[in-house]
Structure formats: structure tokens, C-alpha cells
Amino acid sequence: MVDLTALSAKHISAEAAKRARRRNASQTRLKVTGLIAIGLAASALVALLWTVVGNATGTIKEHYVTIDVPVLAEAFSPDGGELDPVTVGRASQAAVRDAMRALFPFAETRKEQRALSDIVSSGSPFELQKVILDNPQLVGSDVEVALVASDIADLYYKGFYGRLEAVPTSTSVRVESSTDSDEASVFLQQNVFREVVDAVKIELQRRADRSREAAQLQDNGVRAFERRLETASTDEQRAEIEVEIASRTTERDRLIGIAEALENQVQTAGTADTLDNRMPSVLLKAGGGWIKLTQIQQQTAQGIILEPMGAGEYAADEWTLLVNETPEVSRKVSDFQTVILEDLKDMQAVSSKFNMRFLSSGDSREPELAGIWGAAVGSFWTMVVTFLLAFPIGSLAAMYLEEFAPKNIITDFVEVNINNLAAVPSIVFGLLGLAVILPTLNVLGNDDFRSTPLIGGTVLALMTLPTIIIASRAAIRAVPPSIRDAALGLGASKLQTSFHHVLPLAMPGILTGTIIGMAQALGETAPLLMIGMVAFIVDIPEGVTDNASVIPVQIFRWSDLPERAFESRTAAAICMLLIFLVIMNALAVFLRKRFERRW
Amino acid sequence: MKTIINEADPSVQKDVKIKSRDVNVYYGQNHAIKHLDIDIQANTVTAFIGPSGCGKSTFLRCLNRMNDTIDVAKVTGEILLDEKDIYDRDVDPVQLRAKVGMVFQKPNPFPKSIYDNIAYGPRIHGLVSNKSELDEVVESCLKRAALWDEVKDRLESPGTGLSGGQQQRLCIARAIATAPQVLLMDEPCSALDPIATEQIEELIHELRQDYSVVIVTHSMQQAGRVSQKTAFFHLGDLVEVGDTDRIFTSPIEERTQNYVTGRIG
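From first to last, the protein sequence lines stand for chains E and Z. Using the working numbering, you'd call the opening residue of the first sequence number 73 and step up by one each time. Using the working numbering, you'd call the opening residue of the second sequence number 433 and step up by one each time.
Chain Z with its partners taken away, still in its complex shape (with noise of 0.2 angstroms):
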């Protein structure tokens, strides 16, 4: 058994809103996450660092099961979430993900209007009843996303037609629109520019208030800057997870210092 080094500070101990035990993820014959345990907690940014092809996002892709929709992958071993197995045989993994939201890496709007790119999910989910009840929806998760002013008026316009980082906080704004608990990011910044990113970054830093975030990020800068838990993933290993401070000041594991002090990566 390895050691994982999970704090429990009891100043800052929250609910725990996932839990896996001892997961592993094979794509065919590559063993690309072994035996991982982990606890992400609820109202936390919690932040995936590590070199590249080292199992981060997999393993975030885990966490809404989107593996399921590579024939290869296998995944084995239970993550909860709520106390409740995702992989279980009765879990729809339609269902999870509406409770699970994910941004990717690359914003990827509907090729619709701005409106119908936020009213998708809630008319897929029946989450509203009438059409203004869903121009409320849209309008406070634009806002949440901080968008609201920048398109206001401009709600049928296609949401292509907008810039990268506008695009992106387009994205966050529809994944928040299915009320999820969770959301998970897929460095989603990594194809925008210094300011789009800070937007992006304010943006994640107000939604902690009401989810569960899980970010995964090249950069560990924007880690320091947006998280309050960080995991260090090296080779499929989850080598060291803590406070995000004492991580990139006070690593326990050698690999976690050579990494954050640029040695590795």
C-alpha cells in the first residue's frame, strides 16, 4: 500500500463530495491510472497538476464517466459520489452527467444561438416548465458566468461568433445551466489569452461558492492562484494531494518538489 498523504485539517475539513477507491483505468494494454484513492471535497477547488500523459485528465473524465464513450477504456475499482457508486449497474451515466458538469479544454459551443446553447441542457433535463422561467435560467447563468453584459443583446446570435474567452465562459455558463454539484474543467484555459484566462479564473474562484470544482491545469501558477486543494499526478501515480499552499511550499514527496520546482515535467 502506498502512502497517500490526505490532510485533515479541521479548520477547513468540509463535506467530502467524492471518493475513490482504488481506481484503475486501462486504455487496451496501457495501465494509464493505477490504484488511486482519492477525497474531493465539496465547495473546494481542487486542482490536477502533473506533466503531460500522466493521468490527470483521465482520470477527471472518470468522474462523469465521458471514459464510457472510448471502447478501449476499462475502468475498475468505485468512485463515489454522495456516498453512491457511479460505475454501479442502476447509475445512467446520462443522469450523472447532468450532475457532473464538464468544460473542456477546447470551448466547443453549439454551433446555435447564444440562448439555445445555455437552454439546451435545462430543455433536455425538463428542469424549467415555461419559456420564462428558462429566460430566468439563462440569464442568471449567464450572469454567473459573467457574460450577461458582454451578450445581452445579442442572445440569438450564434454563439461561434463570439471570441475564444467569451466562448469559454459560454461553456462554463451552460455547464452551470443543468444545475450540477460538481463541475469539472478540463484546463480550460489553456487556449485563451492572459485576460480571457483571469476572467475564467475569477469566474472559477465565485463558483466555489455554490460547487464542487476539479480543475485540471498545466500551469501551476493558475493552480496556486485558483485552488484551495492540489493533486500531483505523476505516471498514472496520484503521488501527493494537500492544501494547495503547502504543496507548492512544503512538498512531502521528492517527485512533487522536482515537479513544482521545475525539475521534472
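Pulled out of the complex, with its shape left as it was, chain E reads as follows (with noise of 0.2 angstroms):
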């Protein structure tokens, strides 16, 4: 027999209270590490919003340039009747690209014209026509119209391929041009290239370093072959094997030797150094012109004229020497189009406003014009659809199987399958929607529903049932039995005690479950890929039947074009999904709430 008060005095003994350190100890490291887990997580999410909301502020606001464009009556009313839209469309659009010419006179060559052309954006001739068919009484006056910027000079503007910095003079220059070429020669007081020159000596180091780099592995090659002459047997290897050494050897020397020719430059002071396009340009903007310089050495210069100017010399406040440290091969505007940036810029013709029209227009192959509302609508009406399908059957289905249907091994067997499908990945419910939901919705409704928010809405409810189901009989589950004994023993059918009790009881819960799995929905690509909804639309869908894409899908398309404005633009979208989710989310708090009951 165990005496009880003799086990008592182990509660004050020296182990007792090593037990309770030890206990508090864990609980405490346990405390740690939960705020570490959320510290972790809560950083995470603070970074992936940094990234996005940075990214996306790109898009927050587009480029305008206003110029005055000629609305010659012959070329748009040329039998002087009513306008013809068609007619005022291609009469724009020549309208606005001899405007443009006519600005920058200059702009010679075919490859300068079309760099000029790519300076407002190709959709930017249907703002003039617009105003045209509102407007007919402007045409044969000249019409002052806000033309938008294309991506590039959007992108220039805001400065994502560099800015143009102005290095501090306080030297005259005298510029002279050859009457036959472009060329022009620049001579100076002093010498202010020297930072430009250390830029470039930077470079050609660089580029020797590079050189030396590739020689070594040239040499290495060399080396190589040399052990395996040594070991050759016959005389057809080793012939063979010489000729792999001495074309090595030879390419070895050609880099060494640049390397040295590079490294010479950059020690000689003094010397003419050559600007090319992987290095910093260099323009002169003098007497309303502008030279890009090619080559530089202490006090003069070469350079190409991008724009016309007095040859002569300037003073110190005439002109300036700027500088963009971003080579002109990592952009996509030339020093060609920064000079007519710059000079629409002087002539304060650009503007910029909130870009609305991301927000209110479909897609479009042009960044500039690609928006995200045919996107949302399209993902609203296929969430409207996923609603109406997922939210009755789901909530009715885990009714029965929790309140009416016996317990057995069919129920079992159903129960462990939704259990299953819940984890089945997403894009077997696109193949299932392609196989079979759209045909059979093709054959009943005679008419093609691919890519449409009806067969869209269908697969994501499909989707989206087995979250419904469990999140719906665990909320059944949860309502206290002495509800449903109330209701029984006040002479309550079963469908009444389930509909008028238990299920308002449930429904903070269907509804969370509900929200989760449309929230799920909401953010889903691969089944939409596969009925079609990865389409390129511009139209903003009007209903359930029309074509349309979603926002993920969107996104999903974006990121993967080339152009660097789509960049910003997908990560705006991406804050339109989270605007999206957090919208309904706050529905969800907001029912949670309202459905709420105590018991």
C-alpha cells in the first residue's frame, strides 16, 4: 500500500521544482517560437506587398502629349456630308502622324520616322477620332488634342530607362558642322568630360577584364589538349590534337591582345575615347539641338547631330552637357526619341493624370491601352455563377448527409470521396469541364459557351463543392443537439427543425466556408486555361454568355509579354485580385456577424 501523504511531500521537494522550471521553460520556448512563426510569416507578407504595391505604382498614372493636329476638311469629310466613321479613323490616324512630323521636321530617315511614330502610342489616333464624330464642326480647324503616350514614352517619363543628368559647366563651346554629314565637332575651353571619361575608363577596364577572362579559358584549353597529345598513340591523333592547340593558342592571343590594346587606353591619359552604345550617352543640347557625342578627348569631341543646330560658339548658360548613365542597348528608347522626348517636354507638351483608363478598359495588345475591367467583370460574373451553383448545392448536400441520410456504408463511401475531391488538383476539373460540362452545355443550349463566366463559373463551382461540404457539416455538426431535441419535442418535422433551426444556426459557418471556397475560386488559372477563358479579349462582358477572361488568368497572360510596361500592369492587377479577395472577405466578417447567434 502506498502511502498517499508520504507521495505528498514530493510537491516541495528540490526535483518538484526543477519540473516546474522545466515546465515553464518549454511553455516559454514555445512562446518564442509562435512570435518568431508570425514575425516570419507577418515579414513575408509585408514584403510580398512592398513588391506588388511598388511594382504596381507604374500604373497609377499615364503620359499625355498634346499637339495641335490639322482636321483638313478633305481628308476627313471628303464629300463634305455627314462623317463616316471609318473614313474620320483612317483620317486620324494620318492626321496625327503627320502632326507629329510636322513637329519634329527633322526626323529624315525612315528608321527616324518610325522611331518618331513610336512616341505616342498607335491607339492614340482613336482619341482624335472620337473627338471628330462628337465634334464635327472642328474639322478644318486645327484641334488641340491629348494624344497618349505609348509605353515607351510612358516608361521614359517615368523614368524607368534612366534620367538624363546634367554635368555643371562653366565653359563656352564652339560647335562645327560639316555641311554633307550629321558629324559635328565640338571644341571646349576646358576640360569637363572627365567624369564621363572615368565612366568610360571604367567600362573599357571592364571589357578587359572580360577579354583576359576568356583568354584564360582559351588557355585552359590549351593545357588540356597538351596532356593529350602527351598520351596520344597515334600519329592521326596527335596530328589532330596540334591543330585543336594551335587554334587555341592563336584565339588565346587575339583576346590577350585586345585585353592589352583596352588596358593601354584606359592607363594613357589623354588619349580619343571611343562612345559606344553599352556606354553612358552623352548628349549636347545647345541653340535648340541636340549632338549625341561618339568620341571624346580632353577639350573636343565628335558626335552625331540627333537634332539640327547653329554651328558657333556658345556661352556657358547656352547650353548643356547631359548625361544617362543607362546605355542606350538597355532601353528601348534611342537617343533619337529622348531628344524629341525632351523637346516635347521643353515645349510642355506632356502631361500626366491618374490612369483611369486601366481601370476602366479590356485588354489590348498595347500596354498603354490595356486595362483590367473586362478582366473583373469577367471574374464577378463567373463568381456569380459559382455562387448560385456552389452555395445551394453545397449547403443542401451537407443538409442531408448530416440531418437525413441513414448512416451506412454508402454515406461513408460518399463521405471519404468529397473528402478526396476536396484535395483533387484544379485543373482535372478543367479537363472534366472540357470533356464534358461544355459539350453537354453546347448540345443543350445550341450555341458555343467556351470561353464564356456560364462553363467558367460551372468548373470553379465543380471546384469548389468539397470545401462547401466539409466547411458546411462541420457548421452542422457544431449545432448543439438540445436545439434540434426543442424543435423535435415542439412537434417539428425533421425539414422543419433542419431549415427553420439548425441551418441559420449553421449558416456563420456555411457562409465561411462558402467565402474560403470562393475565394479559392476566385484565384484560380489552370481549369479556366483549359475551357478557353485564357482568350485574348478586349470586350468587357455583359452577362454570364458572353466571352470573357478573369483576373488570375489575366495576370497569368501579362506576365508572360515582353513588354517592360506590362510589368507594372501585372502587378496592378494582382492588387485588384487582393482588392478583390479582401472585398469579399469583409462580406464574409460582415454575414459572419449579422448571422451570428449566441446559444
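Check before you lean on any hint, since a few could be wrong.
What the hints assert, rightly or not - Label pairs and their computed distance ranges (CB to CB):
{"id": "1", "chain 1": "E", "residue 1": "P478", "chain 2": "Z", "residue 2": "G596", "range": "57 to 63 angstroms"}
{"id": "2", "chain 1": "E", "residue 1": "W445", "chain 2": "Z", "residue 2": "G593", "range": "30 to 36 angstroms"}
{"id": "3", "chain 1": "E", "residue 1": "R93", "chain 2": "Z", "residue 2": "G694", "range": "45 to 51 angstroms"}
{"id": "4", "chain 1": "E", "residue 1": "A477", "chain 2": "Z", "residue 2": "G596", "range": "32 to 38 angstroms"}
Said to hold, decoys possible - Some residues of chain Z that are not near chain E, with every Cβ distance over 10 angstroms (derived):
{"id": "5", "residue": "K451"}
{"id": "6", "residue": "H463"}
{"id": "7", "residue": "T476"}
{"id": "8", "residue": "K516"}
{"id": "9", "residue": "D520"}
{"id": "10", "residue": "A530"}
{"id": "11", "residue": "A578"}
{"id": "12", "residue": "C603"}
{"id": "13", "residue": "R606"}
What the hints assert, rightly or not - As a list, the in silico DSS-like pairs of lysine-lysine whose alpha-carbon atoms are at most 27 angstroms apart:
{"id": "14", "chain 1": "Z", "residue 1": "K506", "chain 2": "Z", "residue 2": "K544"}
{"id": "15", "chain 1": "Z", "residue 1": "K516", "chain 2": "Z", "residue 2": "K544"}
{"id": "16", "chain 1": "Z", "residue 1": "K538", "chain 2": "E", "residue 2": "K566"}
{"id": "17", "chain 1": "Z", "residue 1": "K516", "chain 2": "E", "residue 2": "K230"}
{"id": "18", "chain 1": "E", "residue 1": "K566", "chain 2": "Z", "residue 2": "K563"}
{"id": "19", "chain 1": "Z", "residue 1": "K584", "chain 2": "Z", "residue 2": "K538"}
{"id": "20", "chain 1": "Z", "residue 1": "K531", "chain 2": "Z", "residue 2": "K544"}
{"id": "21", "chain 1": "E", "residue 1": "K183", "chain 2": "E", "residue 2": "K404"}
{"id": "22", "chain 1": "Z", "residue 1": "K575", "chain 2": "Z", "residue 2": "K506"}
{"id": "23", "chain 1": "Z", "residue 1": "K506", "chain 2": "Z", "residue 2": "K531"}
{"id": "24", "chain 1": "Z", "residue 1": "K538", "chain 2": "Z", "residue 2": "K563"}
{"id": "25", "chain 1": "Z", "residue 1": "K531", "chain 2": "Z", "residue 2": "K563"}
{"id": "26", "chain 1": "E", "residue 1": "K404", "chain 2": "Z", "residue 2": "K531"}
{"id": "27", "chain 1": "E", "residue 1": "K566", "chain 2": "Z", "residue 2": "K506"}
{"id": "28", "chain 1": "E", "residue 1": "K133", "chain 2": "E", "residue 2": "K404"}
{"id": "29", "chain 1": "Z", "residue 1": "K506", "chain 2": "Z", "residue 2": "K516"}
{"id": "30", "chain 1": "Z", "residue 1": "K584", "chain 2": "E", "residue 2": "K479"}
{"id": "31", "chain 1": "E", "residue 1": "K425", "chain 2": "E", "residue 2": "K230"}
{"id": "32", "chain 1": "E", "residue 1": "K425", "chain 2": "E", "residue 2": "K133"}
{"id": "33", "chain 1": "Z", "residue 1": "K584", "chain 2": "E", "residue 2": "K566"}
{"id": "34", "chain 1": "E", "residue 1": "K133", "chain 2": "E", "residue 2": "K202"}
{"id": "35", "chain 1": "E", "residue 1": "K273", "chain 2": "E", "residue 2": "K404"}
{"id": "36", "chain 1": "Z", "residue 1": "K544", "chain 2": "E", "residue 2": "K665"}
{"id": "37", "chain 1": "Z", "residue 1": "K466", "chain 2": "Z", "residue 2": "K451"}
Bear in mind the hints are in silico, worked out from the structure with no lab data behind them. Glycine included, C-beta positions come from ideal geometry on N, C-alpha and C.
With the hints as a guide, bring the two chains together.
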């Protein structure tokens, strides 16, 4: 027999104190680990939001170029009668092009003219077309119209392609240009190129290093073949290897030669350094014209005239030396376009405003014209279909399984399979939609429903159902049995008990499950790819049977496009998706609060 | 055949409301009620007493077929309500429960307003035809349950916001609102304090005028206070039935004697 009073003495022993310390220590450890975990999760979230929102800021504003466009009566209204939209559209395109060319007459070559036409968006003539169709009396006059800047112009003004920094100068400059070529010579009183030269030397040194590295690789090759030569058995092999060694040695020596020449140029001061398109752009602006410098040497420089200027002497405050650190080769805006963009800015023709277009228009191949609204409306209609199918079917199925179905092997089988379905990859549901639901709908509706919210919503509803059923069953099971007893005891039928008492009490849980499922469906891309919702759709869908895309698919498509302006639009679309999700979750919280009752 | 002591005192003899003959209840393998015969009289409070697990609640739940909701429960024998077997094929348990109301151990008002709690029964059974009739039913039921004065100003506030005793009286009011003939009470006071218990007991006294009341209780004092008839259950057997006074003062069976004197329990 154990002496319990003797046992109770152990409560005050040193071991008991140690046990208490260990217990407290492990509790503290758990708390600290928990805090660290939460901190990590929070910082990951902050990092995500920071990147996405930071990237999306590039889409907040868009730039416009406001110029006077002559609207010629003979082009816009050849027969003098009613305006024909097609004619006006074509004439607008020509008028915008001609107005830009008139503004920058020095764009003479085909290449320069193409560069010029890339400044305003290819969609901008529509602005003019709209203005003219709305105000026919303007035909025959000069119309001031704000044209959307192209994606590259927009990005240039936002500083994505580097900034033109002025190099401080306090000396006069003399420009001499030859009459028969674009080339010009520049003479200065002082050496103001020091900084530029330093940058150039650094770049040259880098190239020399690269050349030496390449030479080293060739040298390694030579060594390897020399070793192989020692073990080679036949003369034939020997000859082959010697050929290899010879070619590698030549290549190595050539590379070393290049590196030495470059290093020599880096070390010698006062030589003429050539600026190519991998080096910072150096532009000289004077007398209303621009020169791009191609070769600099202490106080003189050679350059190409981008915009003609008068030859002669310019005082210190009449000219500026501008440097863009981003080399021409790594930006989409050429130096020629830079000149035009800067000229437009000097003319005060450039303005920026809130990018309403992004929030109100559909998709486009041109980044500056592309908007998220089409996809957002598509998502809305898809979610409407998903909700209308998944919520009633899911909650009623859960109600049947919990309250009415007999507990036997069949319902067990159904339950197991519902749980398994929740884990089925969503693309499988896409295949089901493609192979079964879409053809069935097409036959029933006698129409093609590919790419419509109707089929998309149906597939997503199927995908969401298991989640809703599982959550709803849990919510129904959580309703206290005493409520069922109370209702049954009053003579309510099983159906009345379920729908008058159990369902309202389970509703907060059912709604939470539904919203979780819907949020999952909102972010789903894979199954929608299968049923054609990945198509390029410009029009904003007006119902569940119009072709549509959805936000996640739009994000997926934009992220794949090469234009840099789509980068910020992708981020902005992600922000829209997040906003959608927040709205849905807020709705869930609101509904839960509304339906929540104490018992 | 075991001996069942059913006293037939002509002075207190009333109509028999419920008659059970050879009732057996099985929960799967467990034989919970064994060959039970009892007569429950109209306008009488009948108390079921006995130690835990003796089957008194099980039998009570047979009287309005609440055991139907338990999959493994099986009932044999006959229970006659007004000479009609309630386990007959053509008896609808839903209608039966409207006639045999029930109050549970733990107060379980619906998470709705006080008014809606009472009005639910009359509404689903179509007992009233318009709002003013419903208002009258709610008022009279709350008055019968001695709750009217406490809640008349806040009929729209939730029934779950009342105190435990008030909630239980609300449940009683809700049960009588469906106009039952029999009222079953499964330990209605076990979750209540002595003052609330006293109020409920007074209420049971009142209710006896119009209903047959069957009450399951653990408290022998309560059985003594509220009931006219007492039935003692032990291990699934109905040991003894009789006038409450006699059961407590001069029980015939030894097991009853042992229980009421506190030797078993």
C-alpha cells in the first residue's frame, strides 16, 4: 500500500521545483517560437505587398502628349456630308502622324520616322477620331488633342530608362558641323569630360578583364590538349590535337592582345575615347539642337547631330551637357527618341494624369491601352455563377448528409470521396469541364459557350463544392443537439427543425466555408485555361454568356508578355485581385456577424 | 410475471391517460427498459425516481417517441395514449409530439426572441390564424409559466439572454403553447438554483389542472413536493408505483425502501 501522505511530500522537493522550471521553460520556448513564426509570416507578407504595390505604382499615372493636329476637311470629310467613322478613323491616323512629323521635321530617314511614330500610342488616333465624331464642326481647323503616350515614352517619363543628368559646366563651347554629313565637332575651353571619361575608363577596364577571362579559358583548353597530346598513341590523333592547340593558342593570343590594347587605353590619359552604345549616352544640347557625342578627348569631342543646330560659339549658360547612365543598348528608348521626348517636355506638351484607362478598359496588345476592367467583370460574372451553383448545392448536400442520410456504408463512401475530391488538382476539373460539361452545355444551349463565365463558373463551382460541403457539415455538426431536441419536442418535423433552426445557426460556418471556397476559385487559373478563358478578349463582358477572361488569367497572360510596361500592369492586376479578395472576406465577416447568434 | 403494485384507490382514481404494456427498450445490445407496464393518470403529476442509469429518462423519451431520433434505439411493446398505440404505423411522431410536449434537463430556448420562442409551436401547427391571436397565446402561455411580468417589456429580446430559471420557464411556456395534453419533464430543475427550482415546482402544481405531467427527478424531496404518484425505477425495472405519500412512507418493495431511505442510489 502506497503512503499517500509520503507522496505529497514530493510536491515540495527540489525535483518538483526543477520540474516546474522545465515546464515553464518549455512554455516560454513555445511562446518565443510562436512569436518568431508569426514575425516571419508577417515580414513575408509585408515583403510581398511591398513588391507588388511598389511595382504597381508604375501604372497609377499615364502620360499624354498634347499637340495641335490640323484636321483637314478634304481628308476627314471628302464628300462634305455626314462624317463616316471609318474615314475619320483613317484620316485621324494620318493626321496624327503628319502632325508629329511637322513638329519634328528633322526626322528624315525611315528609321527616324519610325522612331518618331513610336512616341505616341498607336491607339491615340482614336482619341482624335472620337473628338471629331463628337464635334463635327471642328473639321477644317487645328484641333488641340491629348494623345496617349506610347508605353516606352510613358516609361521614359517615369524614369524607367535612366535620367538625363546635367554635368556642371562653366565654359563656352564652339560647335562646328560639316555641311554634307551628320557629324559635328565640339571644342571646349576646359576639360569638362572628366567624369564621363572616368566612367568610360571603368567600362573599358571591365571589357579588358572580360577579355582576359576568356583568354584564360582558351589557355586552359590549350593545357588540356597538351596533356592529351602526351598520351596520344597514333600520329593521326597527334595531328588532330595539334590543330586544336594551334587554333586555341591563336584565339588566346588575340584575346590577350585586345585586353592589352584596352588596358593601354585605360592607362594613357588624353587619348581619344570612343563612346559606343554600351556606354553611358552623352548628349550636348545647344541652340535648340542636340548632338550625341561619340568620341571625346579632353577638350574636344566628335558627335552625331540628332537635331540640327546652328554652328558657332555658345556661352556657358547657353548649352548643357547631359548624361544618361543607362547605356542605349539596355533601354527601349533610343537617344534620338530621348531628344524628341525632351523637346516635347520643353514645349510643355507633356502631361500626366490618373490612369483611369487601366481601371475602365479591357485587354489590349498595347500596354498603354490595356486595362483590367474586362477581366474584373469577367471574374465577377464567373463568381456569380460559381456562387449560385456551389452555395445552394453545397449547403443542401451537407444538410442532407448530416441530418437526413442514414449512416451506412454508402454514406461513408460518399463522405470519403467528398474529402478526396477536395484534394483533386484543379486542372482535373478543367479537363472535366472541357470533356463533359462544355459539350453538354453546347448541346443543351445550342450555342458555343467556350470562354464564357457560365462554363467557367460551373467548373469552379464543381471545384469549390467539396470545400463548401466539408465546412458546412462541420458547421451543422457544431449546432448543439439540444436545439434539435427542443424543436422536435415541440412537434416540428425533421425538415422544419433543419431549416428553421439548424440551418440558421450553421449559417455563419457555412458562409465562411463558402467564402473560403469562392476565394480559392477567384484565384484559380488552371481549370479556366482548359475551357478557353485564356483567350485575348478586348470587350467587357455584359453577362454570363459573353466571352470573358478573369483576373488571375489576365495576370498570367500579362506576366508572359515581353513589353516592360506590362510589368507594372501585372502588379496592378495582382493588387486588383487582392482588393477583390479583401472585399469578399469583408463580406464574409459582415455576414457572419449578421447571422451569428448566441445559444 | 412480476408483481406491479398499482394501487386502485377509488377516491383518487382518474382517467388513465397513458398506458404502457410490456415495453422493452434496447440501445443496441443494452436492454435499457425491461417489460414495463404502467398507467399514467390524467391531471396528475407522476414522478419517475431512481438512481442514475435506471432507465427513467429513456422511458420518458419513449412517451413522445423522442427515441426515434437515436438510430440504435429499439422499442417493443405498446404505449397507449388515450387507448391508441403511439408506436402504430399510422401514427405520425410529429403530431404525437405536438400532443405530448417535453421540457428538457438543460434549458434550451431557441436563439430567437422570447416572443418567437413561444410563437414557434403555434405557427408550425397552425393553431392561430392571425397576429392578434398569436399575441394572446404568447401572453397567456407566459402568464401560465409565471414569466409574463418579468419579460412583458422585452418580448423581442433574445430568449438566450434570460437567467437559467427564466429560460426554463420560457421552455415550459413554449411547450404548453403547442397545447399538449401531456407534459414530459426530464429533470427540469437539475440545472437551476433553489429559488428557480421553487418557482418551477409551483408552476408544475399549477399545470396539473390542465395537463398530465410526468417528471423525471433525482431529488426525492422534489418528487415528494410536486407529485401525486411516484414510480421507482431500478436497473431498467419498474419496481413500484403508487401514491407518492405511500411510496415514501411505507414502500412495499425492499429496493424502494432502500432507495428512499438512502441506502442505495
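Going straight from one Cα to the other, do K133 (chain E) and K202 (chain E) come out at no more than 27 angstroms?
Distance of about 22 angstroms is within 27 angstroms: holds.
Below or equal to 27 angstroms on CA atoms is what counts here, so check K506 (chain Z) against K544 (chain Z).
violated (34 angstroms)
K516 (chain Z) paired with K544 (chain Z) [C-alpha distance capped at 27 angstroms]:
Measuring from Cα to Cα gives roughly 35 angstroms; hence the hint is violated.
Quick one, are K584 (chain Z) and K538 (chain Z) close enough, alpha carbons at most 27 angstroms?
holds (23 angstroms)
Need the status of pair K425 (chain E), K230 (chain E): alpha-carbon distance at most 27 angstroms?
holds (12 angstroms)
Can we trust that A530 (chain Z) is non-interface, i.e. its beta-carbon lies farther than 10 angstroms from all of chain E?
violated (3 angstroms)
The output says H463 (chain Z) does not contact chain E. Does that hold with a beta carbon cutoff of 10 angstroms?
Since the minimum Cβ distance to chain E is about 23 angstroms, H463 (chain Z) lies beyond 10 angstroms and the statement holds.
Are the Cα atoms of K466 (chain Z) and K451 (chain Z) separated by 27 angstroms or less?
Holds, at about 15 angstroms.
Assertion that T476 (chain Z) lies farther than 10 angstroms from chain E (Cβ)
Fine: 21 angstroms to the nearest Cβ keeps T476 (chain Z) off the interface.
If you draw a straight line from the CA of K544 (chain Z) to the CA of K665 (chain E), is it 27 angstroms or shorter?
holds (15 angstroms)
Hint consistency between K273 (chain E) and K404 (chain E) [alpha-carbon to alpha-carbon, up to 27 angstroms]
holds (25 angstroms)
Verify that the Cβ of K516 (chain Z) lies farther than 10 angstroms from every Cβ atom of chain E, and report whether the claim holds or is violated.
Holds, since 17 angstroms exceeds 10 angstroms.
Hints 1, 2, 10, 12, 13, 14, 15, 17, 22, 24, 26, 30, 33 from the list above are not met by this structure, while the remaining hints are.
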